[in-house]
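Trainee: Start from the sequences and build out the full structure, keeping to the hints where you can.
The chain contents come next:
Number of protein chains: 2
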Amino acid sequence: MTSIVSSSPAASSTADSSTADSARAASPAAAAVPDPSPELLQRAVTVRQSAMDLGQCSDRQRQQAVLAMAEALQASRQAILAANAADLEAAAADQLAPALVARLKLDAAKLEAAIEGVRQVAALPDPLGQRQLHTELDQGLVLERITVPLGVLGVIFEARPDAVMQIASLAIRSGNGAILKGGREASRSCAAILDALQEGLARSAVAPEALALLTSREESLALLKLDGLVDLIIPRGSNALVRFIQDNTRIPVLGHADGVCHLYVDAAADCALSLRVALDAKTHYPAACNAIETLLVHRTIADRFLPLALPAFAAAGVELRGDAASQALGVAVAASEDDWGCEYSDLILAVKVVEDLDGALEHISRYGSRHTEAICTADEQAADRFLAGVDSAGVFLNCSTRFADGFRYGFGAEVGISTQTLPPRGPVGLEGLITYRYRLRGQGQTAADYASGERQFSHRALPL
Amino acid sequence: MTSIVSSSPAASSTADSSTADSARAASPAAAAVPDPSPELLQRAVTVRQSAMDLGQCSDRQRQQAVLAMAEALQASRQAILAANAADLEAAAADQLAPALVARLKLDAAKLEAAIEGVRQVAALPDPLGQRQLHTELDQGLVLERITVPLGVLGVIFEARPDAVMQIASLAIRSGNGAILKGGREASRSCAAILDALQEGLARSAVAPEALALLTSREESLALLKLDGLVDLIIPRGSNALVRFIQDNTRIPVLGHADGVCHLYVDAAADCALSLRVALDAKTHYPAACNAIETLLVHRTIADRFLPLALPAFAAAGVELRGDAASQALGVAVAASEDDWGCEYSDLILAVKVVEDLDGALEHISRYGSRHTEAICTADEQAADRFLAGVDSAGVFLNCSTRFADGFRYGFGAEVGISTQTLPPRGPVGLEGLITYRYRLRGQGQTAADYASGERQFSHRALPL
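So the protein sequences, as listed, match chains A and B.
Residues 175 to 638 (the working numbering) are what the first sequence spells out, left to right.
Residues 175 to 638 (the working numbering) are what the second sequence spells out, left to right.
Derived from the structure by calculation, the hints contain no laboratory data.
Keep in mind it's a predicted model, so treat the numbers as computed, not measured.
There is no bait here: all hints are sound.
What the simulated footprint calls covered on chain B by chain A, stretch by stretch (three residues with Cβ under 8 Å from a Cβ of chain A suffice, anywhere in the stretch; the number is not a length):
1) 314-328
2) 563-575
3) 606-618
4) 623-637
Over 10 Å on every C-beta distance to chain B, these chain A residues come out as not near it, computed from the model:
5) P210
6) L262
7) A282
8) E286
9) E373
10) S390
11) E393
12) A414
13) L484
14) A486
15) A488
16) V507
We put the CB at the ideal spot given by N, CA and C, even for glycine.
Mentor: Right, dumping it as structure tokens:
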């Protein structure tokens, strides 16, 4: 499942993106990753140098740079919409899938919302320069840990031209350069947007070269080999694309391949509440990575819940595939082993009746993707066991899995959702684009003095 | 460069390990990574299940488990020392390199110090269950971010049997299972230690199966393919081993391949202070990853500093390799292009006279490994530019690079030093072995209600 950046309440949220184009993504796995050309290396070095300068800019300078980007986008609206119209024309000629065309299309309202999103990113609090640790190691030897930018982001995404605006603004706000590669079908739109963004930067303290757009497929593959120049790869595409990238780079990759979310309706659940949550989690945006794919139902509530749920799902156009027990209660189609753990990204839902809470935990541990799982129950003990025992980035009680999203979590904007175990995990906001650095200031201290016992560490915590 | 775990003031610190065995490490790159055998998969599943239970244990239970491990080690001292003697005998027969033998050897005092280190890990504050974020998304819809264990660590290390005790105690303290693979030459010692650790766990709330020791080379390679069962790989070996692992697993890898640290003596440096720092940084433990490999000297101070430094380095047995300018000032051997960026891990130091601070920054950016760099200067502006502009995990002023170490930083213990850009970065303590999880508790809320505008998010910060 793809994730998108969500930076405005008006815009649909991160998880709301489709896998309609996942079919295309099988191809990169066949391709070999070429070495970067001298020209690409030179461009990457330029982005890196500009990013290092950007990292030295003040909060106010970065804020103004992002606002200047918004201004320039505003001034270039006509050119951007015209470029997008040309992309759409080419898409029609190429008979692009309707879902892709919908994501490619940038009308005046969508562009306006995206520009507003850029302004909102400017207003987010500065993630840089925060002191996370402050320790006196010994008299006159003081350690600090300070947040700093990562350096350069490598972003590979499909179709959506609005993602260029969102990611570029998040990158600049957090002091990072970015090398962006959009889908071929959006090439004219992306180029027009990047032109505007760089025009904006030219009227700020930040060098326009902190952003670069790659245009060829070879370049986007070679990006994976720019270790030392690119610090984080953010793939925004199909499962196959994400896996290919993970397997072909030493650079850390932020994101997730699968979003196989579960809802477990416990013995002590309120049936009406559970049904409302289940319908939202499945039907509000079935292609989203935070939509549920499997419904687990405790056996003692199944004969009350399913007779209520089946007609409601049918009315919502959801196709159910069940195990034997749920079939006995009216699910028409049998689920095969492949259904468990399948990310339908569509109005299809697997249904299984489980023995008890442990059965649900076991099923999730076996088939889940550690994205987001929810329990509906009025039993506090069951809720606590579920919230403590499920090993996913998000574990929810009595609410829809669809809340797993940076905007809804209150982060203002996000770069994606990570299903990795290590932080940043779950919906990732600006804080996923920063790191820290240890600074130690001394007066000539040597390690030998402490090893010999001549001097001792005090390790005294100082105020942050 | 290898890193080791340092958990006691008595023990030498993390960065103090040698690359004497790096020659051996070239071999894995030639080997293919085999798929895990059904037996290994079964063992990994058992470790994971035990780790999930361990993750539910209280602070007190985990603390007691680590203390029980220390007790059992104490009780098994004779067996462990006998096993180590047998390993040493085999090492002598195999004509193992003296440096390796030194690391392999576990005498009574070293074992006692290691057991004391295990006790100290028990005393470290609990890293789990901390609430990092607490937000009311809306009335009755409350989000928390809570620290939780990673799950299972995969640790691959060479020679040092004491590393088994240190890493196992850090793992259990932080609620993680661990699959450990020691060097073949330490196999008897590792097995005896693991027996004791598991005996200790058997007398605690933690299942002994939370720890497992792999014995064959095939198993240790297959460990790299246990994604989904192992959450973090910690390699503790040569550069070649670390690179091989990075290139052959999708599991995140914590650590560093290179430690190419620089000391820059600025125009405004105090010569005596700079010399003291330089000597410590090079000679206190030349094989450590935080030892300097290159000395950069501002041209205006070179003719004062080098005449002072050259005899001091000669007296300390340090071989210098210089650029033309430093040769003109007395450095005997010419440096080749290969010397810049070389990790000698030995009493060899490259010396270069730079034009100015920018020249130093440029050299570091080109040849450094982003581990730790230091500046000696009395010029505050130069210090600030260096501390802000150098892109390494550690940037130091007027003190030795050798302070880059978890114990010296006051973390109590560390699992290694990371030169990755993303956190955890630099010396990594217990906090590198944890992650977080988002918990959301609601009352039946659906995303649709917020998307339609029927309800609004409050995103109100609650007390942590």
